[in-house]
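Mapping of the sequence shown onto my numbering: position 217 corresponds to residue 286, and the numbering continues sequentially without gaps.
The set of hints was computed from the structure by calculation and includes no laboratory data.
Here a beta-carbon is modelled for each residue, glycine too, at the ideal position from N, C-alpha and C.
Incorrect hints may appear among the rest.
Claimed, not checked - With a Cα cut of at most 30 Å, we get these calculated BS3-like pairs of lysine-lysine: (1) LYS249 with LYS266; (2) LYS219 with LYS282; (3) LYS351 with LYS124; (4) LYS124 with LYS381; (5) LYS236 with LYS210; (6) LYS381 with LYS81; (7) LYS182 with LYS224; (8) LYS310 with LYS77; (9) LYS73 with LYS124; (10) LYS387 with LYS81; (11) LYS236 with LYS184; (12) LYS73 with LYS282.
Unchecked claim - Quick list of the computed label-pair ranges, beta carbon to beta carbon: (13) PRO74 with ALA159: 41 to 51 Å; (14) ARG365 with MET246: 30 to 40 Å; (15) GLU241 with LYS351: 41 to 51 Å; (16) LYS351 with VAL274: 14 to 24 Å; (17) ALA366 with LEU218: 39 to 49 Å; (18) SER313 with ASN220: 30 to 40 Å; (19) SER277 with GLU241: 35 to 45 Å; (20) SER190 with GLU385: 31 to 41 Å.
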Amino acid sequence: MQPKPSLKTIQKQCFNAGVFPSEVLDWIASENLWNLWVPKNYGGLEFSLTEGLRKLQFLAKIDGSLGWTITLCSGANYFIGNLDREAREAIFRSSQQPIVLGGSGGAFGTAEKEKDGYRISGKWRYATGANYLSHFTLTAKITENGKVLKNKNDKPQLRSFVVPKEKVYIIEDWNTMGLKASVTYSFEVDNEFIDGKFSFVYDEVQLSQPIFKIPFSVFADLTLWINYVGMAEHFWEEASKSLSEVQSESLNTIISSAAKSIFEFSAEIEEVTSKGVDISQKNQQKIHNTTVESVRAISRAIIEAHPFLGIKASSENKPLNQIFRDYFTATQHRIFVD
């Protein structure tokens, strides 16, 4: 058996990578990081919210693409909690290879109702980790005889689906300045039939573990927010060598405050869900608003520090430059562009 690579080795292999090398993917699989939230009886780590957030913070501090990819893909594997038993068994117990889900929440395509399933067509943007996925997740408008079905609020009916990679065409259009190894490509599905058991709705939960009692919007806010904190911690670690004591302390205070808020929210959520109480809409909005403001504050602090860091901050072969590019690519995620 090969010895496990050190974290420094993993960091070096991720640095400026356009795609993760096999050694990094093997390490992710050996650490079972795709399955942070998956129940133990399906081969996962079954982390609590706080445990998972700490792990994601740690990974994002190692490398932006590493943390971001594991966050988004383990976040898609989280949908095991929404799938019915037959689908869970078919996906998570049927393969000797790592199960890695990822995809898009945007309703960019259609799912035509047929007997026992749906025929799916469309193009979706974007799927983080596209090259590493075993299955793609997507959301589609439900149609019947070519007409979009409406719900009781007269809005299009939506369902989400888990589609094997063999039925997906990847569109290599991730030409961003950062998070390059996240290979967050668009993808297309062309008239493929998917059995109805491989569909789900975000707010219909099938498993009883506490993590699945958290509204997905809150789960998404916190898991992405912790990535900004991890990347910012890495930035501060490198930048503090060049900043004045006052500048360094100011940046560190903003980052530390964000981390403190995240884990206060996490502890509160765990306490509430352990009692079987739902998180109110008011508190969900409070978490989202705090997240948005915190990310803006971190972004401002990094921008203010950047001019004092010298040419190394603009050199593509230096860590500071990659961290900066990764962080500001990540800030373009749609849920924080309010």
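Taking the hints in turn, this is what the structure says about them:
Annotation: proposed proximity of LYS249 to LYS266 is violated, straight-line Cα distance about 34 Å (limit 30 Å). Taking the CA atoms of LYS219 and LYS282, the gap is near 27 Å; set against the 30 Å cutoff, the hint holds. Of the pairs offered as hints, the one joining LYS351 and LYS124 holds, with about 28 Å between alpha carbons and a cut-off of 30 Å not exceeded. Between LYS124 and LYS381 the alpha-carbon distance is near 29 Å, which keeps this suggested pair within the 30 Å criterion.
A threshold of 30 Å between alpha carbons decides the hint, and for LYS236 with LYS210 the separation of about 19 Å falls inside it, so the pair holds. The suggested pairing of LYS381 with LYS81 holds, with an alpha-carbon distance near 17 Å, which does not exceed 30 Å. Using a Cα cut-off of 30 Å, the hinted pair LYS182 and LYS224 holds, with the two alpha carbons roughly 17 Å apart. As the CA atoms of LYS310 and LYS77 are separated by approximately 19 Å, the hinted pair is consistent with the 30 Å bound.
Under the criterion of a C-alpha separation no larger than 30 Å, the hint pairing LYS73 with LYS124 is consistent with the structure, at around 18 Å. For the hint linking LYS387 to LYS81, the alpha-carbon distance of about 11 Å falls within 30 Å, and the restraint holds. Simply put, LYS236 and LYS184 have alpha-carbon atoms about 19 Å apart, close enough for the 30 Å limit, and the pair holds. The suggested pairing of LYS73 with LYS282 is violated, with an alpha-carbon distance near 35 Å, which exceeds 30 Å.
The hint said 41 to 51 Å for the Cβ distance between PRO74 and ALA159, and at roughly 33 Å that hint is violated. Look at ARG365 against MET246: about 20 Å separates their beta carbons, and that is not inside 30 to 40 Å. Range check, GLU241 to LYS351: Cβ separation about 43 Å, and the 41 to 51 Å hint holds. Checked against the hint of 14 to 24 Å, the C-beta distance between LYS351 and VAL274 comes to roughly 21 Å, which is consistent with it.
Distance hint check for ALA366 and LEU218: the Cβ-Cβ separation is about 43 Å, which falls inside the suggested range of 39 to 49 Å. Between SER313 and ASN220 the Cβ separation comes to about 57 Å, which falls outside the hinted range of 30 to 40 Å. Hint check: SER277 to GLU241, Cβ distance near 40 Å, so the stated range 35 to 45 Å holds. Between SER190 and GLU385 the Cβ separation comes to about 40 Å, which falls inside the hinted range of 31 to 41 Å.
Comparing the model with each numbered hint stated earlier shows that hints 1, 12, 13, 14 and 18 do not hold.
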